[in-house]
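Visitor: From first to last, the protein sequence lines are chains A and B.
Our numbering puts the last residue of the first sequence at 200; the count rises by one with no breaks.
Our numbering puts the last residue of the second sequence at 410; the count rises by one with no breaks.
Hints in this document: simulated from the structure, not taken from any laboratory.
Glycine residues also receive a C-beta, built at the ideal position from the N, C-alpha and C atoms.
Treat the hints with care, since some could be wrong.
Taking beta-carbon pairs under 10 Å as the criterion, some of the chain A residues facing chain B (in silico) [as the list claims (entries may be wrong)]:
#1 28
#2 30
#3 31
#4 35
#5 39
#6 57
#7 58
#8 72
#9 76
#10 78
#11 80
#12 83
#13 149
#14 151
#15 152
#16 170
Chain by chain, the residues run as shown.
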Amino acid sequence: MFMCKTGIALVGLGLAFATTTYGRIQSQQYDIGRVPTAEEIAAYDISIAPDGEGLPPGGGTADQGQNIYVTRCAECHGATGREGPNDILVGGQGTLASDQPLRTVGSYWPYATTLWDYINRAMPFETPGTLSADDVYSTVAYLLFLNDLVEENQRLDAETLPQVQMPNRDGFVLDDRPDVGPTTVHPVVAPPVSPPRNEQ
Amino acid sequence: MSPSDPKNSIVSKGRRRFLQLGAALSSALVACRPSSNLPSNQPSFLGRPVSEYGTRSSLERVTRTFRSSLSRENASSRTPLHALEGIITPASLHFERHHAGVPTIDPSTHELLIHGLVNRPLIFTVDELKRFPSHSQIHFVECSGNGGTHWRQAPDISLQNLHGLTSCSEWTGVRLSVLLEQTGVQTDATWLVAEGADACKMARSVPIEKALDDVMVAYAQNGEALRPEQGYPIRLFVPGWEGNIHVKWLRRIKLVDQPYMTKDETSKYTDMLTGGKARQFSFMMEAKSLITRPSGGMTLSNRGYHEITGIAWSGQGKITRVEISTDAGATWREAALQNPVLPMAHTRFRFGWNWTGESTVLQSRCTDETGYVQPTRQALIDARGPSYYHYNGIQSWAIHSDGSVHNVHV
Chain A
1 MFMCKTGIAL VGLGLAFATT TYGRIQSQQY DIGRVPTAEE IAAYDISIAP
51 DGEGLPPGGG TADQGQNIYV TRCAECHGAT GREGPNDILV GGQGTLASDQ
101 PLRTVGSYWP YATTLWDYIN RAMPFETPGT LSADDVYSTV AYLLFLNDLV
151 EENQRLDAET LPQVQMPNRD GFVLDDRPDV GPTTVHPVVA PPVSPPRNEQ
Chain B
1 MSPSDPKNSI VSKGRRRFLQ LGAALSSALV ACRPSSNLPS NQPSFLGRPV
51 SEYGTRSSLE RVTRTFRSSL SRENASSRTP LHALEGIITP ASLHFERHHA
101 GVPTIDPSTH ELLIHGLVNR PLIFTVDELK RFPSHSQIHF VECSGNGGTH
151 WRQAPDISLQ NLHGLTSCSE WTGVRLSVLL EQTGVQTDAT WLVAEGADAC
201 KMARSVPIEK ALDDVMVAYA QNGEALRPEQ GYPIRLFVPG WEGNIHVKWL
251 RRIKLVDQPY MTKDETSKYT DMLTGGKARQ FSFMMEAKSL ITRPSGGMTL
301 SNRGYHEITG IAWSGQGKIT RVEISTDAGA TWREAALQNP VLPMAHTRFR
351 FGWNWTGEST VLQSRCTDET GYVQPTRQAL IDARGPSYYH YNGIQSWAIH
401 SDGSVHNVHV
């Protein structure tokens, strides 16, 4: 109804090539929406899977990342990643079972790819999207280096980043709730204290 | 009948005389002021004219509140549950949790891309989404960090500042299953990743079973367009599940074959357990109830009758029962549930109570249709240790003999 002519043409094309099998579901088609081009999808799609799918070309080392961290990250996360005031990124390994667990990139995050994805999509806080792919690889490398998880001159790229073994990879369990059963036997109703009414 | 109808003339004359008498009496009374007993709202002048968009009385002061934080863009504001009635939260008072501020989005240019493991990727404009069969549901949204203070402390603060990260609205949109029918879903698609158009491009993974069950792409809240703070022009709505997964300012859905382990499902929104492990993908919000009046910071001004009222809700369905204890949990009696009682929605409860003037502790405890009973704080800590998210323990309000109401752990 409100689509431009190109949109209608693309939808028509899409329908012409639509298969009759829709996998898990099969039902009513409304002929609404348009089929995006491969270029449009590529421009939108910034997702990075934990196995590294989606990581772009490029790479970097901790050595290269140090300057980026100091100029773009340290103001919020501290000179060595341990000081804050925002999230502490370094340290804490061995504390998770203690009374004061310190959850950092090194102690808690299960996948190195998550760090790449998050910095790429959301950091620096006030100017996200301003780091190049090489910058992101380098910054990730520097943070992993500060956590003793990679060497200072170890190059991280689409192939090597997913291979970094994070110490807490196996630290997560799936939702097994309810883990707390009824805490009391259902009550023997007590005699009223002297309520004027109990509205129904 | 017109006033000049002769059949009415006698009546009219009588009424005129009566009105004249009344006017004279009123003048006499006005002359007697300030001893007048005329109602204070006796209208004597014209009010405001009609307006294009309503606002509440300037004398109403209740607002959202927020704690101090390093950034006002990565922050939350809290619903004044103590001051609200019924089950619907006004959109203007719905709690907020933003991770990178509220983006300004023009719906005429905003689009939703659905791609990945689909047969046919599609892009929808907002107007196109509104052309699909629409769907409305009344549901709560609760941040999984709501009440998290209770894991470690019992500060003497208000209900709003303890538990104000839950709200309930009527949400309208298009079922996600309808949109996925348009794209088709390949058999190896087990999850989807939803992504927002805010500065941090919030991303969360959702299991395909839930996506095809009751998830919707919402464009309206309580009858009007979503507020910008709630995701204008479109957000994901995931009934009964933690607030963070209801991705606001939705721009992209990618069908995938595994959870993508985004920052907000690994380093955040996971539940530390005793022994160092953490529970992941703990999406559902378990049953919880709160006495909203009387609650922290209020003062009972008199002995005698008080209505205890509050809300209960469950991410697993309907609330079936709310019990009240007015003696710190020693005995419990059933509260009345106010209709409507809806699945995964705030449910209003009421309970008449006679306060003798002695100090005591008020508690509420709810049960949902699965039989799950809201646990005590101690039972939660015994099971999980001091965690951070998903606190749904029984709330205790101490009533002091001076009538003041305080948050306590018992």
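Visitor: Each hint should be assessed against the structure and marked as holding or not.
Guide: Tested hints:
The restraint placing residue 28(A) at the interface with chain B holds, with a minimum CB-CB distance near 6 Å, inside the 10 Å limit. A cut of 10 Å between beta carbons decides the hint on residue 30(A): the least distance to chain B is about 6 Å, and the hint holds. Evaluation of the residue 31(A) hint against chain B yields a held restraint, the C-beta minimum of about 9 Å falling below 10 Å. A distance limit of 10 Å between C-beta atoms decides the matter here; for residue 35(A) the minimum to chain B is near 6 Å, and the interface restraint holds.
With a cut of 10 Å, the hint placing residue 39(A) at the interface with chain B is violated, because the nearest CB-to-CB distance is about 12 Å. The beta carbon of residue 57(A) is not positioned within 10 Å of any beta carbon in chain B (closest approach about 20 Å), and the interface hint is therefore violated. Nearest Cβ of chain B to the Cβ of residue 58(A): about 19 Å, over the 10 Å cut. The hint is violated. With a cut of 10 Å, the hint placing residue 72(A) at the interface with chain B is violated, because the nearest CB-to-CB distance is about 15 Å.
Hint on residue 76(A) holds. Least Cβ distance to chain B is approximately 8 Å, under the 10 Å limit. Taking 10 Å as the C-beta cut-off, the interface hint given for residue 78(A) is violated, the closest approach to chain B being about 13 Å. Taking 10 Å as the C-beta contact cut-off toward chain B, the hint placing residue 80(A) at the interface is violated, the least distance being around 19 Å. At about 13 Å, the closest approach between the beta carbon of residue 83(A) and any beta carbon in chain B exceeds 10 Å, and the interface hint on this residue is violated.
Taking 10 Å as the C-beta contact cut-off toward chain B, the hint placing residue 149(A) at the interface is violated, the least distance being around 15 Å. Hint on residue 151(A) is violated. Least Cβ distance to chain B is approximately 24 Å, over the 10 Å limit. With a least beta-carbon distance of about 24 Å to chain B, the hint placing residue 152(A) at the interface is violated under the 10 Å criterion. Evaluation of the residue 170(A) hint against chain B yields a held restraint, the C-beta minimum of about 9 Å falling below 10 Å.
Comparing the model with each earlier hint shows violations of hints 5, 6, 7, 8, 10, 11, 12, 13, 14, 15; every other hint is respected.
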